[in-house]
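Protein chains in written order, with my numbering: chain F, 5 to 222; chain W, 14 to 245; chain A, 70 to 311.
I should point out that these hints are in silico values taken from the structure, not numbers from a laboratory. No residue lacks a Cβ here, since even glycine has one placed at the ideal position from N, Cα and C. Keep in mind that a hint or two might mislead.
Stated by the list, open to error - Restraint-style ranges between C-beta atoms, simulated for each label pair:
id, chain 1, residue 1, chain 2, residue 2, range
1, A, Leu141, F, Ala21, 55 to 61 Å
2, F, Arg52, A, Gly94, 33 to 39 Å
3, F, Leu50, W, Pro64, 42 to 48 Å
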Amino acid sequence: MNDFDVTVIRQNWQFLAEGLALSALLVAVSVLGGVVLGALLALSRLSRLPLLPALVAGYVTVMRTLPLVLVLFWFYFLGPFLLGHPIGSLTAALIAFVLFEAAFYCEIIRAGIQSVRPGQAQAALATGMTHAQAMRLVVLPTALRAMVPLLLNQVIIVFQDTSLVYVVTLRDFMTAASIIASRDSRPIEMYSLVALVYLAICFTASRLVAALWKPAPR
Amino acid sequence: MNYRWNWGILLQDPYFGWLWSGLGWTVLIGLASWALALLVGTVAGIARTLPSRLVRALATIYVELFRNIPPLVQLFLWFFVFPELLPDELGLWVKRDLPFPEFTTSAVGIGLFMGARVAEQVSAAIRAVSLRLMPAALATGLRPLQAYRFILLPLGLRAIIGPLTSELLITIKISSLALTIGVLEITAQSRHVENYTFQGFEAFSVATAVYLLLGLAATVVMRGIARQIKPL
Amino acid sequence: MITITQVCKSYGTTQVLRNCTAAVGLGEVVVVCGPSGSGKSTLIKCVNGLEPFDTGTITVDGISVGDRRTDLPSLRRQIGMVFQNFELYPHMTAQQNVSLAQIHVLGRSRKEADQRSEYLLARVGLADKLASRPGQLSGGQQQRVSIARALALDPKAMLFDEPTSALDPEMVSEVLDVMQALAQDGMTMMVVTHEMGFAQRVADRVLFMNEGKILEDTPKTDFFTAPTTDRARQFLTKVLRH
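Kindly produce the complete structure, drawing on both the sequences and the hints.
Put into structure tokens, the structure is as follows:
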């Protein structure tokens, strides 16, 4: 068994830090885009318009059944066709992530809205509110309280998902570490570091979310 | 940008063979890792509900460890790091003589990752049932072990079919990660075909269809199992 | 005030309302009773359009509820509704619950609305609970808040859907007392309830429903002394025995 050599980490910390920064960027854009698009999808799915709910349901099902790796490959391929010109790796990955995670956020948001008892909406309507008012003033505020822990947990999952940009050689934290691992022949140190960092961040984050939402107001 | 369609290319040699073998590997990895996940997950899930604090702690460590590290990283740990950590002879055997090393590592890595998820579902189901029925069972004089055997486990397992279906679908999806350590499953092969023929649309459509069909098949099978168990 | 004419409604293949016809006059208190599943709650929810119905007509103060051109939100300002499960908004205080519709539906200012809410909450005996959230109130208190909320829009009529069925026995009377006071003040009320004592004291007329049909529609005293149908007789003996 080789000696565990921490110097390789110290020497390359800048490279690794840049990788982590890219991971952070991927997470930020994916979550923001995913939540916004997911909310639109959820509302579309709950609407009473003729074709829209079925289309959204189909989209969500497909995105949740396909592996993220395949979705990444798809958008690398399709990206130039959709936008009419060649696009960079990062743009393609961001598009793929936003569209992928939006499906998951859609389901979380939809479940949150549907978890509100129909009686609440009825009570609001009975006092003369329109559907839009009932949603805005009564249903959504209650739904949001139910949703937030799940939304935050999904962020942690997104963070783990971003490690997959390895397959399209975008230099996020994981890919950066693996580059060093093979270049300097130090897989143990590098991958242990990656595992530790992810473990530390994800474990702390999920504990924080659980703690913050335990005292649920009713 | 123009695109020339050529669906026929999928049926040509060697591309057809590649795609078929990719499908085979995806199914194999899916089945193998699911079997491992069920085994380990059920044990760990039950362990998390037992009265012994030590047993619960061990199971919790397993679950937290394997849920908070991305599956891709776990695969790499198993493939690159684990053999180095073993005592010399075992390490050498794993590196040289392990049959189908990439496949085995993928199955083990994915199986253990999914096992942690299954464990969560199992312990949640048992806890939900036990909250209602453990007091009643104990009140009739049953010992805890008996309560588990006759009431909690049978009812808990019935409750779990739905969540397990979604975990099975996730297992099928994650089999794609095996491509990072060299297993040529269907996603890898579809990319392979795309690289050679530039017919990306066709190639990726095949992979997409495979996952959708496998997902459908898995859902149908699980629903069939549910129907067998459901009539209480 | 409220007229219901030949109303039918089906859920899929099950018919839940069969040719229901009834009327509630201005200032009248009509109690609707009957076994579970008889369609009482469905009927009352059709009156303010929360449930659609297939055929027949319902009018409230002359406005047809089923007409597609009717603006239901405006119509609902004229009718207050109290639900079995209270349905207070959990993220708001009692006062905010009562003020919400005043502000967003009637366009009153927050100050005006809060003042009115204070008055109404005092009227139902909860002057000291303005800042309490539903989670901090007992069932009886929550239901009284919900009555105040329904009164906030100055409705011409009030609908009650089993207002005391979800309450602990000791809280039932505090709610019924409020309802009785309302009736004495001349409010037009349609009340679905199992509380026969309330019906005997406060109702003007009683509707008895069974399997989607209105079997009895009689003045109160006649209903309790000499119901015309066997089913109603059966129901009364079981219910009044306690």
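Hint says 42 to 48 Å; check whether the CB-CB distance for Leu50(F) and Pro64(W) agrees. Cβ of Leu50(F) to Cβ of Pro64(W): about 44 Å, so the range 42 to 48 Å holds.
Do Leu141(A) and Ala21(F) keep their Cβ atoms within the hinted range of 55 to 61 Å? holds (59 Å)
Tell me if the beta carbons of Arg52(F) and Gly94(A) are separated by a distance inside 33 to 39 Å. holds (36 Å)
Hint compliance for this structure: no hint is broken.
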